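*Asks:* Each chain, written out:
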Amino acid sequence: MELNNIEKLLERYFDATATVAEEEMLREYFTKEEVPLHLKKYAPMFQYFSIAKEEKFTRQVPLKPRKKSYMKWISVAAVGILIFGIYFGRSYQEQREAEYAYQETKKALSLLAANLGKGTEKVAYLREFEETKQKIYNKN
Amino acid sequence: MVLPFKDKLYRLAKRLLVSKEEAEDATQEILMKLWSKNSMMEGYNNVEAYAMMMTKNFCLDRLKSKQAGNLKLVHSNYRDENVSLQNQVEVSDSLGWVERIMEELPEQQKMVLQLRDVEQYEFEEIAELLGLSATAVRVTLSRARKTVREKLVQKHNYGIK
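Listed in order, the protein sequences are those of chains A and B. Be aware that the first sequence starts at 0, since it is given in numbering that gives the first Met the number 0, and climbs by one per residue. Be aware that the second sequence starts at 0, since it is given in numbering that gives the first Met the number 0, and climbs by one per residue.
Just so you know, these hints were derived from the structure itself, not from any lab. Small disclaimer: the values here were computed from a predicted structure and weren't measured. Each residue gets a CB set at the ideal place from its N, CA and C atoms; glycine is no exception. Certain hints may be false.
[Unchecked claim] Calculated lysine-lysine pairs in the DSS-like style (CA-CA distance at most 25 Å, straight line):
| no. | chain 1 | residue 1 | chain 2 | residue 2 |
| --- | --- | --- | --- | --- |
| 1 | B | K154 | A | K40 |
| 2 | A | K40 | B | K145 |
| 3 | A | K39 | B | K150 |
| 4 | B | K150 | A | K7 |
| 5 | B | K145 | A | K7 |
[To be verified] Ranges of calculated distance between the beta carbons of each label pair, as one might list FRET restraints:
| no. | chain 1 | residue 1 | chain 2 | residue 2 | range |
| --- | --- | --- | --- | --- | --- |
| 6 | A | Q59 | B | T134 | 40 to 46 Å |
| 7 | A | W72 | B | T134 | 48 to 54 Å |
| 8 | B | S35 | A | Y99 | 50 to 56 Å |
| 9 | A | T18 | B | S35 | 35 to 41 Å |
| 10 | B | N56 | A | K55 | 20 to 26 Å |
| 11 | B | L59 | A | E21 | 28 to 34 Å |
| 12 | B | N45 | A | A77 | 37 to 43 Å |
| 13 | B | E47 | A | Y86 | 49 to 55 Å |
| 14 | A | N4 | B | Q66 | 41 to 47 Å |
| 15 | A | A20 | B | E20 | 35 to 41 Å |
Make a model of the complete structure from these sequences and hints.
*Replies:* If you want it as C-alpha cells, here you go:
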C-alpha cells in the first residue's frame with residue numbers, strides 16, 4: 000500500500016474520523032507488511048488490538064438456575080402437603096377419638112340401662128306385693 | 000445457551016477491571032443474569048448490545064464499590080499476560096506496554112478504545128452503549144488514541160529498543 004495513503008489514514012485515525020473499514024486496513028498493514036522506520040512506533044498499537052481480540056472467555060459457567068427453581072417449587076409443594084397432612088391427620092385423629100369416646104359412653108349407658116332394667120323388675124315385684132297387700136287391706 | 004459474544008463481554012470486563020479473575024467473575028455473573036432473563040429476552044432486538052450495557056454497568060459498579068472501600072483491585076496477571084502475548088507473536092514486550100498504557104486511561108476512554116479498536120463497533124453503537132453523543136465518542140476516542148501514541152513514543156525514546 001502507498002506510504003502516502005497510510006500516513007493520511009493514520010492522521011484520520013488519530014482524529015477518529017476514519018471508518019471501521021479504513022481502520023481495518025491500517026490494522027492489516029501494520030500486522031502484515033514490513034513497516035518503514037518512522038511508522039514503526041505505531042505498530043505495537045495495532046498489533047496489540049488484533050491480539051486483544053483473540054482473548055477468549057474460557058471459564059465454564061454452570062448454567063443451571065432452571066433446575067434450582069424447580070427444586071424451590073418442589074420444596075414449597077412438599078411443605079404445603081406436609082401442613083395439609085398434619086392438619087387433616089389431626090382432625091382425623093380427633094374424629095377417631097370422638098368415635099371412641101362415643102362408643103365408650105354408649106357402652107356405659109347401656110350398662111346403666113341394663114342395671115336400671117333389673118331395678119325396675121324388682122320394683123315390679125314390689126308393686127305386686129303392694130297390690131296384694133292392698134287387696135288384703137280392702138277385705139278386712 | 001451458547002452466546003457468541005461472551006468473549007466480547009469478557010474482554011470488556013477485563014479491560015475495565017484489569018484483573019483476570021475479576022473479569023471472569025463479572026462475565027459469569029452477567030451470563031447468569033442473561034440466562035435467568037432468557038424468556039424476556041425476545042423483547043430485546045439486540046441482545047448483544049443489552050449484554051454489553053449490562054457488563055459495562057456491572058464493572059463500573061464494581062470499580063466504584065472497590066474505590067469506596069478504599070480497596071484496589073488486585074491482579075497478578077501481568078507476567079502471565081506478557082508470556083502469552085509473546086507466545087502468540089514473536090515481538091518484544093512493546094505489546095505489553097500498550098496494554099499497560101491502556102490500563103492507565105480513564106474508564107470512558109478505555110471503553111471507547113476497547114469497543115472501537117478491538118471490537119470494531121460503529122460510532123453509533125458505542126454512543127448508544129455509553130449514553131454519549133456520537134461526537135463525544137469521537138472526541139474521546141481521538142483523545143485516547145493520541146494518549147496511547149504519546150506514551151508509546153515516550154517509552155520508545157527511553158530506549159530498550
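*Asks:* Hints first: check each against the structure and report whether it holds.
*Replies:* Hint check results:
1. B:K154 to A:K40: 10 Å, holds
2. A:K40 to B:K145: 13 Å, holds
3. A:K39 to B:K150: Roughly 14 Å between the alpha carbons, so the hint for K39 of chain A and K150 of chain B holds.
4. B:K150 to A:K7: 21 Å, holds
5. B:K145 to A:K7: Between K145 of chain B and K7 of chain A the Cα gap is close to 15 Å, so the pair holds against 25 Å.
6. A:Q59 to B:T134: 40 to 46 Å: 42 Å, holds
7. A:W72 to B:T134: 48 to 54 Å: Check passed, 51 Å falls within 48 to 54 Å.
8. B:S35 to A:Y99: 50 to 56 Å: 55 Å, holds
9. A:T18 to B:S35: 35 to 41 Å: 38 Å, holds
10. B:N56 to A:K55: 20 to 26 Å: Since the Cβ atoms of N56 of chain B and K55 of chain A sit about 23 Å apart, the hinted range of 20 to 26 Å holds.
11. B:L59 to A:E21: 28 to 34 Å: 30 Å, holds
12. B:N45 to A:A77: 37 to 43 Å: 42 Å, holds
13. B:E47 to A:Y86: 49 to 55 Å: 52 Å, holds
14. A:N4 to B:Q66: 41 to 47 Å: Given a distance of about 45 Å, which is inside 41 to 47 Å, the answer is holds.
15. A:A20 to B:E20: 35 to 41 Å: The hint (35 to 41 Å, Cβ to Cβ) holds, given that A20 of chain A and E20 of chain B are roughly 36 Å apart.
In this structure, none of the earlier numbered hints is contradicted; all agree with it.
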